[in-house]
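> Here is how the chains run, residue by residue.
There are 2 protein chains.
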Amino acid sequence: MTYTDHTTEEIEILLLDSVKAFRAYGKMPLKKRAEFMRAIAREIEALGDILLQTAAEETNLTEPRLRNERGRTIFQLISYAEACERGDWLEIKIDTGLPERNPPRQDIRKMLVPIGPVAVFGASNFPFAYSTAGGDTACAFAAGCSVIVKAHPAHAQTSELVASAVLKAAKDTNMPDGIFAHVYGAGTEVGEALVKHPLVKAVGFTGSLAGGRQLFDWASQRKEPIPVFAEMSSINPVFLLPEKLKQSADEIARLYASSITLGVGQFCTNPGLLLGIESEGLDTFVAALGEEIRQTSPGNMLHMGIFKNYVERRANALSQEEVTTVAVAEGDLQLNQGAPTIATVSGEAFLNNPVLHMEVFGPYSLVVRCKDLTEMTQIANHIEGQLTATLMATEADISYHEELVDAIRSICGRFILNSVPTGVEVCQSMHHGGPYPATTDSRFTSVGADGIKRFARPVAYQNWSNDQLPQELKNENTLGIWRTVNDKLSKDPIK
Amino acid sequence: MTYTDHTTEEIEILLLDSVKAFRAYGKMPLKKRAEFMRAIAREIEALGDILLQTAAEETNLTEPRLRNERGRTIFQLISYAEACERGDWLEIKIDTGLPERNPPRQDIRKMLVPIGPVAVFGASNFPFAYSTAGGDTACAFAAGCSVIVKAHPAHAQTSELVASAVLKAAKDTNMPDGIFAHVYGAGTEVGEALVKHPLVKAVGFTGSLAGGRQLFDWASQRKEPIPVFAEMSSINPVFLLPEKLKQSADEIARLYASSITLGVGQFCTNPGLLLGIESEGLDTFVAALGEEIRQTSPGNMLHMGIFKNYVERRANALSQEEVTTVAVAEGDLQLNQGAPTIATVSGEAFLNNPVLHMEVFGPYSLVVRCKDLTEMTQIANHIEGQLTATLMATEADISYHEELVDAIRSICGRFILNSVPTGVEVCQSMHHGGPYPATTDSRFTSVGADGIKRFARPVAYQNWSNDQLPQELKNENTLGIWRTVNDKLSKDPIK
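Sequence lines, in order, name chains A and B. If you're matching positions, the first sequence starts at 0 in numbering that gives the first Met the number 0 and goes up one per residue. If you're matching positions, the second sequence starts at 0 in numbering that gives the first Met the number 0 and goes up one per residue.
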């Protein structure tokens with residue numbers, strides 16, 4: 000099935016509806032927003048197997064993987080709905096009036112309010128969890144914003160099905176018309192029209208560095224710049240420290256072979272860079288990892304574009320000076336199948352060749368052989384921002400390498416010890432973000448309920464009487480929200 | 000006294016020191032940061048009258064006003080130091096491991112960490128409180144960042160004195176060399192070099208729209224874009240609702256004459272736009288306001304540049320079609336003195352003329368006579384983002400004008416009822432920010448301890464053992480910080 004691109008005129012009409020819906024929806028009680036989000040979760044589930052089958056056809060993802068991802072999507076909607084109702088994210092700060100002070104202090108009460116209509120661009124590798132009704136959309140609805148999704152062209156039909164579920168949920172819970180719109184655009188025109196439109200107030204995006212940067216540039220060049228939350232590019236470096244490698248090279252190799260090949264390497268947290276210091280332990284590790292990788296089977300990639308990209312970028316990386324191929328999966332290869340691949344290079348060659356720092360999206364990882372700790376630290380200080388960085392280290396490794404550990408922390412959003420970066424838990428403590436180019440705004444997360452705050456801004460009410468304040472700010476605190484009152488956190492009513 | 004501009008080579012050296020200092024300082028306990036900040040407050044006070052005299056000579060601000068501002072600066076340093084130690088701003092979220100869950104959940108603990116060296120551009124109208132050791136610098140130090148201040152050319156000697164106090168405090172509290180640097184630049188080159196330098200990770204600015212937008216554009220065009228917190232342009236509209244105006248036109252006129260002329264109108268929260276609906280009440284108000292303004296005395300402006308700007312922009316506004324001058328202060332006018340001025344225009348003419356929406360920095364305010372409520376609402380929906388908006392209204396006015404009230408809230412960062420926008424309280428509930436062009440990032444405040452969060456980003460630690468975690472994230476919670484543990488806010492240790 001093919002879909003016709005929306006025209007700028009159609010987008011104009013949709014946005015006028017969206018801003019009207021935003022004005023009504025943004026004022027609705029948190030409870031109503033949560034009901035709407037739970038209804039979306041139910042409607043997605045109610046789509047049943049047809050949703051999984053459609054997505055499987057469009058994305059080549061396996062049915063168990065998609066079933067799992069659908070579960071994650073539903074969990075996100077429900078858990079962000081809970082967070083929305085709990086209201087901690089409103090960051091309420093209240094300073095009550097001090098009429099007898101000289102000069103008198105007026106009563107001031109601050110809370111987050113929704114930012115406006117949000118444009119969401121879904122991810123090709125997560126047709127449910129980070130697409131149409133995925134994390135960005137769920138966060139925007141929780142924040143009180145209306146949403147316009149541009150369907151990902153690689154799974155437009157799946158997107159259309161999910162959109163129908165959102166629209167049904169909106170109708171069933173009496174949401175204003177225009178709270179959700181779904182547009183098609185195979186080229187860049189529709190995206191450009193959305194990001195540049197004065198009525199759009201924020202953008203959520205998951206995808207490539209080139210795509211995310213383009214949206215960011217458009218948004219920054221507007222007369223009124225708007226925030227873009229683009230989750231883009233990360234090679235998720237893994238630092239293998241000497242003692243740890245000496246103790247468990249084989250075990251780490253098995254762990255990482257499985258992380259590198261998980262989902263045919265098509266995760267933003269795929270470990271694409273493994274760094275060790277020249278040693279017997281590193282030799283053992285590389286040999287064992289090569290052995291594991293040779294025995295894996297190539298898997299179907301999301302679509303031909305991603306496959307082609309993988310083949311080309313891998314070839315480009317492997318053709319760089321001093322890069323040696325360690326292992327390629329040996330299974331029979333069919334068209335569209337990405338073969339897991341490991342290569343290796345010296346620390347010096349890596350440091351001097353920016354091509355090797357670029358993401359090869361797929362089951363590929365480069366082992367960098369640093370000549371010593373100084374070189375490894377130099378690399379940690381040199382590479383770009385990352386979603387995650389991982390340290391494979393014993394306690395002694397950590398205490399001996401403080402400078403290295405600090406350098407690694409400074410480039411990442413999530414800092415993992417003795418585990419793998421793949422697998423992103425949906426919980427409040429999660430930070431799925433990181434310094435550029437991992438994202439365009441390192442201060443915000445796209446996974447976990449804290450992502451709601453991306454689509455809100457503070458407003459302080461000064462000198463309003465209790466009757467006139469929004470529910471959340473009234474003395475009574477009937478919603479039982481944690482609030483900072485005169486510098487003290489409390490759920491108590493104000494007397 | 001004149002100061003030579005710093006060269007790019009000198010800036011390069013200062014930044015290398017700054018990043019080295021950042022690495023050490025960012026790891027220091029919150030208590031040490033707070034000690035440093037309190038020492039700065041003491042050293043500023045210890046500068047004594049020479050500081051006030053120097054500032055008075057450079058800025059034309061009166062000594063009582065400067066004494067007051069010095070008090071505010073010291074209060075900011077001390078209260079942000081307290082907030083820093085309290086640690087709530089770290090937004091700690093902890094989800095403890097669930098090893099028996101399928102799949103197991105690893106322990107994840109998130110906190111804010113400092114973002115990196117911060118470049119601060121001070122304000123001409125606040126030589127202490129929003130300059131060298133002002134709000135931006137205090138917030139950056141609390142967040143754990145090193146700071147480079149570009150001295151404001153209009154009060155470079157004052158800046159130099161304050162910088163000496165910061166450096167003395169740094170020495171006395173054993174801070175790393177380079178934690179604070181002070182540079183001069185009369186032209187734009189130094190600012191450009193700072194904002195474009197890869198080692199600078201955030202920018203704080205208070206000043207004009209043109210200046211702030213330029214910094215934002217440079218920062219957005221970097222290979223690695225960085226956040227710019229520019230507080231720029233606001234005309235702080237005041238909406239005079241019919242019943243309120245009928246009841247207290249004279250009283251409101253007196254209140255606003257005093258707010259418009261406070262500090263010769265040189266506050267970012269100066270009310271430059273007053274909107275009413277054609278009525279007897281509005282006529283009374285305009286007549287009374289005109290009378291008050293005629294009786295005020297012109298005052299010395301900050302410097303000749305600001306004065307010249309005021310005279311030119313005011314003349315430009317007054318020369319616009321349909322604009323009528325209501326009153327100009329009658330006192331004898333000397334060079335560099337800004338004469339308080341009130342003009343008036345119809346709602347229709349205002350709506351169609353963007354020139355009238357621009358800030359005239361100084362004691363000038365435009366009264367817009369709307370023909371009806373619809374036109375007033377149209378204007379509220381039409382004007383640009385503002386630091387503040389004020390509603391002068393009775394309870395009945397508010398309940399009758401819901402759409403208007405919503406529209407006003409959507410354009411401002413602080414929403415005031417029956418008071419004046421001038422006077423910005425330093426407290427947690429304050430939001431000094433607002434949609435563009437009031438600021439470049441409506442999600443953050445430049446006044447109040449929440450401003451600390453501008454200079455920090457989250458990092459999630461996954462699977463670390465208690466011994467290896469930073470103090471703030473350890474089970475024991477010896478610092479007594481409020482933390483969200485498994486979705487519940489608590490100060491308790493984790494068992």
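No lab work stands behind these hints, which were simulated from the structure alone. Note that the structure is predicted; figures quoted are calculated from it, not measured. Treat the hints with caution; some may be incorrect.
The list cannot tell twin chains apart, which means a pair is met if one copy fits it or any two copies do.
[Unchecked claim] Distance condition first, Cα-Cα at most 25 Å in a straight line; then the derived DMTMM-like pairs of lysine to aspartate or glutamate:
1. K307 - E62
2. K167 - E9
3. K494 - E394
4. K30 - D405
5. K452 - E290
> If a hint holds in the structure, say so; if it does not, say that too.
Okay, the hints, checked on the actual structure:
Taking identical chains as interchangeable, the C-alpha atoms of K307 and E62 lie at most 25 Å apart only when both belong to the same chain, with a minimum of 23 Å there against 71 Å between chains. Proximity of K167 to E9 under the C-alpha cut-off of 25 Å is restricted to the intra-copy arrangement: shortest distance 21 Å within a copy versus 63 Å between copies. In this assembly of identical chains, K494 and E394 lie within 25 Å of each other by CA distance solely across copies; the values are 22 Å between and 51 Å within a copy. Taking the shortest alpha-carbon separations for K30 and D405, only the inter-copy value of 20 Å comes in at or below 25 Å, while the best intra-copy value is 43 Å.
Within a single copy, K452 and E290 get their C-alpha atoms no closer than 45 Å, and across copies no closer than 47 Å, so neither meets the 25 Å cut-off.
When held up to the earlier numbered hints, the structure conflicts with hint 5 and nothing else.
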